[in-house]
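Chemist: Protein chains in written order, with the numbering used here: chain G, 1 to 523; chain A, 1 to 355; chain F, 1 to 310.
Derived by calculation from the structure, the hints in this document are not laboratory data. Keep in mind that this is a model prediction, so the values were computed, not measured. C-beta: ideal position from N, C-alpha, C; glycine also. Just to be clear, a hint being listed does not mean it is correct.
[Unchecked claim] Cut-off 20 Å, straight-line C-alpha distance, at most; resulting in silico cross-link-like pairs (EDC-like, lysine to aspartate or glutamate):
1. K15(A) - E83(G)
2. K270(G) - E231(A)
3. K270(G) - D111(F)
4. K184(F) - E106(G)
5. K39(A) - D288(F)
6. K243(A) - E83(G)
7. K217(A) - E97(G)
8. K112(G) - E130(G)
9. K184(F) - E333(G)
10. K243(A) - D311(G)
11. K161(F) - E97(G)
12. K394(G) - E9(A)
13. K302(F) - E97(G)
14. K302(F) - E231(A)
15. K240(A) - E106(G)
16. K240(A) - D311(G)
17. K302(F) - E106(G)
[Stated by the list, open to error] Cβ pair distances, simulated, as ranges:
18. F141(A) - Q378(G): 38 to 48 Å
19. Y146(F) - I295(A): 16 to 26 Å
20. F63(F) - Q43(A): 50 to 60 Å
21. D111(F) - S195(A): 28 to 38 Å
22. P176(G) - L154(F): 47 to 57 Å
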Amino acid sequence: MKAQTSVSRLELIGLTKQYPGCLANDDISITLQPGEIHALLGENGAGKSTLVKTIYGVVSPDKGDILWNGKEVNIKSPSIARELGIGMVFQHFSLFETLTVSQNIELCLSKKQLSQIDDLDSRINTLSEEYGLNVDPTRYVHSLSIGERQRVEIMRCLVQSVKLLILDEPTSVLTPQEVSGLFDVLRILSKEGCSVLFISHKLHEVTEICDQATILRGGKVVDTCVPNDETPASIAKMMVGDLAEQDAGYSKKEGSKTLFTASNLSLSSKQPFGTALKKINFDLKAGEILGIAGVAGNGQDELMAILSGEDDRNVGSALLMNELEIGHLHAGERRKLGMAYVPEERLGRGAVPDMSLTENTLLTHSKGFVSKGLVQWQGVKDYTNQLIEKYKVKCHGEFSEARSLSGGNLQKFIMGREIGQDPKVLICAHPTWGVDVGAALAIHQALLELRDQGAAILLVSEDIDELFLLADCMAAVCDGYLSPQVKTEDTNIDQIGQWMAGTFINEQASTTQPQSPTKEAVI
Amino acid sequence: MILIQARTEPSNTMKFVSPLLAVTLTLIFGGILFTAIGKSPVQALQVLLIAPLSDAYNIGEMFVKMGPLLLCAVGLSLCYRANMWNIGAEGQLLAGALGGSAAALYFIESESIFALPLTLIAGMLSGMICAAIPTYLKLRFNSNLILTTIMFNYIALYLLIWSVHGPLRDPQGYGFPESALFADNTLLPTLFEDSRIHLGVLFALIASVIGWFILTKTHLGFQVRVFGADESAAKYAGFKGNKLGWLVMLFAGALAGLAGVSETTGPIGQLVPNVSPGYGYSAIIVAYLGRLHPIGAIIAAVFMAVLYMGGDLAQIEMGIPVAVVSMFQGVLLFFLLACDFFINNRLTFTNQATN
Amino acid sequence: MDADLIVQILFAAIKTGTPLLFIALGEVICEKTGVLNLGQEGMMLMGAVVGFLAAYSTGNMGFGVIAAMLMGSIMSLIFAVLVLHVGANQVATGLALTIFGTGLSAFVGADYVGKTLQGFQPIAIPVLSDIPYLGRIIFNHDILVYFSFFMTGLLIFVVNKTRLGLTIKAVGENPNAANAIGIKVLKVRYLAVMFGGAMAGISGAYMSLVYTPMWVEGMTSGRGWIALALVVFASWRVGRIMLGAYLFGLASIMHLVLQGLGLSISPNLLAMLPYVATVVVMVIISADHFKEKLLAPRSLGKPFNPRNMA
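Pulled out of the complex, with its shape left as it was, chain G reads as follows (with noise of 0.2 Å):
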């Protein structure tokens, strides 16, 4: 798989990007072989993305060459990439759900692209056989699942002849079991003398399959590497830089009284292309923290929304808090009760954008700071203060917009926010996507005191490897399913990942009684 032609397939030189207040790439050179499997490494903000939109021609660069087969190239805009033999699988997917597959193919190919294939559709075919994609070029996008999806967009690529393929995290979508899948279409990739472009922040994956390893910090390349002749230890400490080893692990704990209970909730969606939940059944209890993994889109959204009341339909006693019925309750009434939720999307959702902290902090904590109906501004921005300081948010201060923040610090914000109110039951979505290593560390801390104090939690994460390290027990979520809940220790990520896959969904339909056997072995 080593180089065979003195010419290399793409070279970088010195690539610089200026954002508003942050250098996103500083003098960036890489250079790729035909055949090549390299992996870009980084943390979240270490110009990854950036990078390889520069080189699929979505952003320009302030400075610096890209030669493509030797010559220098002026990308432009994704078209010309394409016309090179370029071709990115995105992060979040470019495909359009109201189209069909091979319509969303169609798109992306140019008009002499499109006039040299006959049939489109049969083409398609070919190829899914050729690479094992099973991918049928007549279906509507939004009957896709996740890893369906991005074999579309993979397919994509192939249908335009790719020479390089780029992929912005494509593992951090997939089942384990869907990964081995996608690892073999990228060796066969690589043996007919396709590149590839491997972003990732998983170490396993990137020692188990690329060639070489660029990492990258704070927009810089800050190493290279064989990863066969690393350990993931070695390279993390290259990513993270001098910081500590983050997850030496927690201790885990037994809750006591049940605190919340889910039976049998079933619900349709609300969403056109959403997933529909299937008597879901889950217990949390003071002082633990059930970790929920799954691949995005199986209905977490959905599951959340019921929790914390967002979604507002009745679903009477299928929820229980404190032995009370609260289905009927609405956001605000559950909030009362002493439910805090820190949901997925910290601007938009958790927090305002163009309201100041201060205003954020009354968004969702009006307790002592309204009385007969008027605001207490000033307790209020006295709190805000508290916050600032006691959870280290860096920003100007209280009167700061929300959007002005980092994703760290705003997830650090909105963590206190919710925190601070004491509540007995938190939900929590993603805690720490995005997030830098500080500030998870720190937010981590937070939810265990908090779980220490007494508090049920329940945590919804795509990080295995965080809901591993925090969760006293997990359960896996699939298509709109719940499996059974089973202690941390007493589990292995071979069983969620088959979980996740949903294997758990036949017996369980197969035994009448919801409560598995498994469960009553935590209980």
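For chain G, the structure is supplied; the task is to place chains A and F on it using the hints.
Modeler: Relative to the frame of chain G, chains A and F by itself:
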């Protein structure tokens, strides 16, 4: 080399400067336009903007026009803050005029001291009904509020025209489509001697203070603002969207209705087909120009009232079509929207060319 | 009611529905790319007045139509720049366009109020117009009505059968993704908005050159708004817009129908009918929230800024 750069924090200065800049640009546009049609720009602008404020009588008339504009604009400011796109102030105003006039005609022989308050309440209720139907349709059936409120503008207009041609027409009016003149008992008292400034103008000022208080001091007003700025956040926080929607729409309907009934029981004194020269539509511009802030709306309403007065004077004195007013309003809103770009962006000047 | 009257009513429904059809065809393309232009009424009025002026001063009707279309596009260009480049709120900008157009048209047309012109004459299509009943309803119109038939057919073809149609749908559904695969989102939106402007212009010209044919201030009386409702009614499908336009046309000539039935109702109350009908239709259509979400272009009314694509 001029570059556009996004600001990291929006500029508070620009929030105030932008409307002033927009007004200035509109005046420059006006100057060019008047030159183009062969009128003296200096004289035209003088007639449009200075003459209306030149003597006590004109100033009084300006306030009379400001009243309905401000009443409607305060209500609209709250609606737009809550992201309720109520374009129906005109219809609500007409409904208020219609309902209030019906009450005033009912009380035409009455000596009761409650006649005027009841007339005003009838006007407000009519405005509220006219606002309530589209609100119900939006919140219950999810129909597009912009379109339904606009349809109700037309429905209210034709209902009013039908009424003055039919049931409310003055039997002694020689067949003119007008109601009888209201009794003194149901006319709004004027505030000063020798001026037509009536109680309705005071209502408008009070309404804007109430609007300001609700918006900035109460938790309800905070919820309205959150709901408008970010509906998902409002849902997340557990604010009841429907309740807030009803609240702002009924408030706006009541104020617009009050504006309508104040016109008929104030300066007009009877129900006529052309109660409003488009106050309800102009109020949209007033609300925007006042930064959707009830106090800002006062200044904007004064400006708009001057423009209305000036439009009338310009037609009389210079033969400029009165339509120039609504054209200026459109241009003003264009410029305002364009200037608002600089709240979140700024121009930077650099010497080096970028490649 | 005899057959003759029914033929007359249906003929009139098509004629009355034609301006709605033109403007709604323009707006549906615009909305399919994700842009909501509430300035229809303003563009239509400008089309009406400029079309009338051009035709009146040159005596050439065709010139009037072209001038109206150009004017509509120019008006829409103001909207497009503000919304697509400056990032202004689409609702507010659309309202400004309507207010501006209403004022400007009255200003420009002040000297022409009350003047009349000959107008386009009906052209009976040979053979087809001899079909009993149907021929008189459909094939005995003026040239602009035939043009509206042609445009409807053309747009059905473009939207459903061509790559351009795919591109339009893609931009309206997910502009970020469209940008990422190299579609020039702003260019598509600019063209769609301007196409909408041209169609609004011709719709206005139909009012002032054929329907009345004269210029009166505010003569479109809310048709631009009704057209917006029509697009929702048609669930963003071109074919259904034609049907809807003629139904609304029918509602506006209800006095003819009632006359036929021997009823008499105040014309002022009947004038309310198209607006009431619009409200009723809107309620029926949008009551199914789920369906509307499915059919409406997903990015409708939302700004897209390629600079924010980092």
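Chemist: Note whether the CB distance of D111(F) and S195(A) lies within 28 to 38 Å or breaks it.
Modeler: 37 Å, holds
Chemist: Assess, step by step, whether the Cα of K184(F) is no farther than 20 Å from the Cα of E333(G), and give holds or violated.
Modeler: 47 Å, violated
Chemist: Is the hinted range of 16 to 26 Å satisfied by the C-beta distance from Y146(F) to I295(A)?
Modeler: Hint violated: Cβ distance 57 Å, outside 16 to 26 Å.
Chemist: Does E83(G) sit within 20 Å of K15(A), going by the straight-line distance between their CA atoms?
Modeler: 46 Å, violated
Chemist: Is K270(G) close enough to D111(F), meaning Cα to Cα at most 20 Å?
Modeler: Not satisfied, since the Cα-Cα distance of roughly 56 Å exceeds 20 Å.
Chemist: CA of K240(A) to CA of E106(G), is that 20 Å or under?
Modeler: 45 Å, violated
Chemist: Holds or violated: K243(A) and E83(G), Cα atoms, limit 20 Å.
Modeler: Roughly 55 Å between the alpha carbons, so the hint for K243(A) and E83(G) is violated.
Chemist: Checking one constraint from the list: CA of K112(G) to CA of E130(G), max 20 Å. Satisfied?
Modeler: Violated. K112(G) to E130(G) sits at ~24 Å, over the 20 Å cutoff.
Chemist: When you check the alpha-carbon spacing of K184(F) and E106(G), does it fall within 20 Å?
Modeler: Roughly 16 Å separates the two Cα atoms, so the pair holds.
Chemist: Next pair to validate is K302(F) with E106(G); report whether the Cα-Cα distance is within 20 Å.
Modeler: Given pair K302(F), E106(G) is violated - Cα atoms ~26 Å apart, limit 20 Å.
Chemist: Quickly compare the C-alpha distance for K302(F) and E231(A) to 20 Å and report which way the hint goes.
Modeler: 14 Å, holds
Chemist: Regarding the pair K270(G) and E231(A), is the alpha-carbon distance no greater than 20 Å?
Modeler: 16 Å, holds
In summary, the numbered hints that this structure violates are 1, 3, 5, 6, 7, 8, 9, 15, 17, 19, 20.
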